[in-house]
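K.L.:
Sequence:
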Amino acid sequence: MKTDTAGSPAPTPASALQPSRTRCFSGIQPSGRPHLGNYLGAISNYVALQDRYESIYCIVDLHALTSVHEPDRLRRQTLEMAAALLALGLDPARCTLFVQSHRPEVTELMWLFATVTPVSWLQRTPTYKEKRQNQPEDVNHGLLTYPVLQAADIVLYKASVVPVGRDQAAHLELSREIARAFNNRYGPTFPEPQAAFTEAPVVMGTDGVRKMSKSIGNTIEILADEATIRRQVMSMVTDTLRIRRTDPGHPERCNVCQLHRSFGDDFEAIWDGERTARTGCVDTKRLLADRIIARFAEARERYAELMASPATVDRILDEGAERARPIAQATIAEVRERMGLR
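Following our numbering, the numbering of the sequence shown begins with 3 at its first residue and continues without gaps.
Watch out, some of these pointers could steer you wrong.
Stated by the list, open to error - List of simulated lysine-lysine pairs, PhoX-like, C-alpha gap at most 20 Å:
hint	residue 1	residue 2
1	K287	K213
2	K133	K216
3	K213	K133
4	K213	K131
Unchecked claim - The calculated label-pair distances, taken between Cβ atoms and stated as ranges, are:
hint	residue 1	residue 2	range
5	P138	L67	15 to 25 Å
6	K131	L67	15 to 25 Å
7	A296	R96	18 to 28 Å
8	A116	D292	47 to 57 Å
9	A229	E194	24 to 34 Å
10	A279	R96	43 to 53 Å
11	P73	D169	27 to 37 Å
12	D274	M236	49 to 59 Å
13	R288	A50	40 to 50 Å
14	K131	V70	17 to 27 Å
15	G266	N142	36 to 46 Å
16	A50	P73	49 to 59 Å
17	V70	A306	20 to 30 Å
These aren't lab readings, by the way, just hints derived from the structure by calculation. Quick reminder that beta carbons are idealized off the backbone N, C-alpha and C, glycines included.
Work the whole structure out from these sequences, hints included.
P.N.:
Right under this line is the structure:
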């Protein structure tokens, strides 16, 4: 590696860091152990894409600071999410995994992007409006500029593909607009990231009404103990139009029946059993609980091992941040040159 006159590593030219494969990036909140909605909506897609693209994933602890203000909680939940991602199939040999704040270049790029981003773009984002309602006593500046940091996350690594759910399309479009605004002002620098939509539908919570969310408490914790998983599944609201066990069911509107799509290719037979009243809601919930427990049995064991060895997780995250370093530094060097910074 070349060094400068002070003996420090010289930045790698951006041209030397062009990916041999299409580069993919996504960030995930450090919300602790993921629930079923996290897995079906995002993590399963991450695992599948790590062989298709040059995949970079990070745990976005800087984003989390807009709502999590307890240091010990943030550290614990970051570790839990990292251990869970590894247990559920992310392989450090096939992808890059690190913690967002471990690559400080992203905060510099966020500020530089802030100078090309109109405030009106930020004020209209659905997330900002939602957060203002959910935490009215804590409408901090980070909630408004959240999308700028999100854009910086993606394009810092020159990612052209971002795996997202369809409900996140508007947020990705804003990242594209910010990259486009920079390119228009300073010349072609960043690819406009394209969405790789997950095919999973929005996963409803155990209440059957709202999207699965820890803040609501309607989740199924796939890495919890078997008793907890079974209790959460058995609490699920099913077919509200079915009053008696002998009544025919309506699987198209039953949340439990919908989730069976993700746990076996026999869901149509299960649905038929509900329509003809051969089976009841309790039967389909018990079967779903059995399948969730079986599907994630190996991951639960691996998760427990990783949580018992946090140094192992830290080492993987540190190596991931170091692997991302030359890409991030080359991007910042290029941006500084284009903007006239010395």
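K.L.:
Does each hint hold? Answer for all of them.
P.N.:
Each hint, compared with the structure:
Simply put, K287 and K213 have alpha-carbon atoms about 19 Å apart, close enough for the 20 Å limit, and the pair holds. A distance of roughly 15 Å separates the Cα atoms of K133 and K216; the hinted pair therefore holds under the 20 Å criterion. With a CA separation close to 16 Å, the supplied pair K213 and K133 stays within the 20 Å bound. Distance check on the hinted pair: K213 and K131 sit about 17 Å apart at the alpha-carbon level, within 20 Å; holds.
The hinted window of 15 to 25 Å between P138 and L67 holds, with their beta carbons roughly 18 Å apart. At about 20 Å, the beta-carbon gap between K131 and L67 stays in the expected band of 15 to 25 Å. Here the CB-CB span from A296 to R96 is close to 25 Å, well matched to the stated 18 to 28 Å. For the hinted restraint 47 to 57 Å between A116 and D292, the CB-CB distance of approximately 50 Å keeps it satisfied.
The given range of 24 to 34 Å is broken by A229 and E194, whose C-beta atoms sit roughly 48 Å from each other. The supplied range of 43 to 53 Å is met by A279 and R96, whose beta-carbon atoms lie about 47 Å from each other. About 31 Å separates the C-beta atoms of P73 and D169, a value consistent with the hinted range of 27 to 37 Å. Hint check: D274 to M236, Cβ distance near 22 Å, so the stated range 49 to 59 Å is violated.
Between R288 and A50 the CB atoms are about 29 Å apart, so this pair departs from the stated range of 40 to 50 Å. A C-beta distance of roughly 20 Å is found between K131 and V70, which places it inside the suggested range of 17 to 27 Å. Taking the beta carbon of each, G266 and N142 are about 45 Å apart, inside 36 to 46 Å as hinted. For A50 and P73, the hinted distance range of 49 to 59 Å is not satisfied, since their beta carbons lie about 34 Å from each other.
Checked against the given bound of 20 to 30 Å, the beta carbons of V70 and A306, roughly 24 Å apart, stay inside it.
Comparing the model with each earlier hint shows violations of hints 9, 12, 13, 16; every other hint is respected.
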